[in-house]
Amino acid sequence: MTNQDRVNKLMEIVGLSLDMELAIQALTHKSVKTKSPHIVDNERLEFLGDAVLELIVTKHLYNKFPNHSEGELTIFRSALVKTESLAFESCRLGFDNLIIMSEGEVRSGGRQNKYILADFFESVLGAVYLSSNFEFAEAFVIKNLLYKLDEIITSNSHKNPKTVVQEYLQAKFKVTPEYKELSSEGPDHSKIFVMGLFLRDIFLTSGRGSSKQKAEQVAAMNFLKNKDVYLELIREKL
Numbered sequence: 009m010t011n012q013d014r015v016n017k018l019m020e021i022v023g024l025s026l027d028m029e030l031a032i033q034a035l036t037h038k039s040v041k042t043k044s045p046h047i048v049d050n051e052r053l054e055f056l057g058d059a060v061l062e063l064i065v066t067k068h069l070y071n072k073f074p075n076h077s078e079g080e081l082t083i084f085r086s087a088l089v090k091t092e093s094l095a096f097e098s099c100r101l102g103f104d105n106l107i108i109m110s111e112g113e114v115r116s117g118g119r120q121n122k123y124i125l126a127d128f129f130e131s132v133l134g135a136v137y138l139s140s141n142f143e144f145a146e147a148f149v150i151k152n153l154l155y156k157l158d159e160i161i162t163s164n165s166h167k168n169p170k171t172v173v174q175e176y177l178q179a180k181f182k183v184t185p186e187y188k189e190l191s192s193e194g195p196d197h198s199k200i201f202v203m204g205l206f207l208r209d210i211f212l213t214s215g216r217g218s219s220k221q222k223a224e225q226v227a228a229m230n231f232l233k234n235k236d237v238y239l240e241l242i243r244e245k246l
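According to our numbering, the residues represented by the sequence shown are 9 to 246, in order.
Incorrect hints may appear among the rest.
[Claimed, not checked] Here are the computed lysine to aspartate or glutamate pairs in the DMTMM-like style, where the Cα-Cα straight-line distance is at most 20 Å: (1) K222 - E193; (2) K182 - E244; (3) K182 - E113; (4) K151 - D104; (5) K199 - D209; (6) K41 - E111; (7) K188 - D209; (8) K67 - E159; (9) K122 - E111; (10) K180 - E143; (11) K235 - E20; (12) K43 - E113; (13) K41 - E113; (14) K38 - E159; (15) K17 - E97; (16) K220 - D196; (17) K72 - E186; (18) K43 - E92; (19) K245 - E159; (20) K156 - E92; (21) K222 - E62; (22) K67 - D196; (23) K235 - E186; (24) K72 - E62; (25) K222 - D158; (26) K170 - D209; (27) K17 - D49; (28) K151 - D58; (29) K151 - D49; (30) K122 - D104; (31) K233 - E186.
Derived from the structure by calculation, the hints contain no laboratory data.
Just so you know, these numbers come straight off a predicted model, no measurement behind them.
Produce the entire structure from the sequences given, and follow the hints as far as they go.
Structure, rendered in structure tokens:
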């Protein structure tokens, strides 16, 4: 498949005419730069698409669920935009066959790599946004991601903030978070535990609860409520 064929197929899928240079950038995985350093990959578009996606999903959830708490909305959003969710949509739409990547990346299973596929969904969204407007990008997300919101809400997978945090941090940094006991107080029959959430040795936040498990859940929820602050901290220290 030629790059022109890829661009034509991408435009057919998204229903939008794209600038050739921008479309090629959206399709290009960073592995190509190993042999061609001058090529512009899709990481900047992925960065933009990530922000656009979060705003669209947040706006939709805010309007759809006026009586839900910030914490509940955060969990819904995280379940929608997690790596596995975006990777599934990339495959469903046929994006996996359009990615421009090195032969080595292809041989190592790059077209099936959930992280690459999730990033690709975001880079395409970034290109769609730049080539149209917020309303078109929003319609694309509603059609190709938010259609499964009811399924996510009725499933049990969205209810555990620890799972959401683990999937999110593994997707972003390829590292599994840990919980460590910071302190405990009170008699044995009514102890209060304070558990800290760490990524490697970086302390992120803590939670209090009547058991270690409950305290960990609170810590995870605290992270989700303020994740942008903690992401900046992680990037500074990793």
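Requested in this report: Enumerate the violated hints, using their earlier numbering and listing them in ascending order.
Outcome: Violated hints: 5, 10, 11, 14, 17, 18, 19, 21, 22, 25, 29; rest satisfied.
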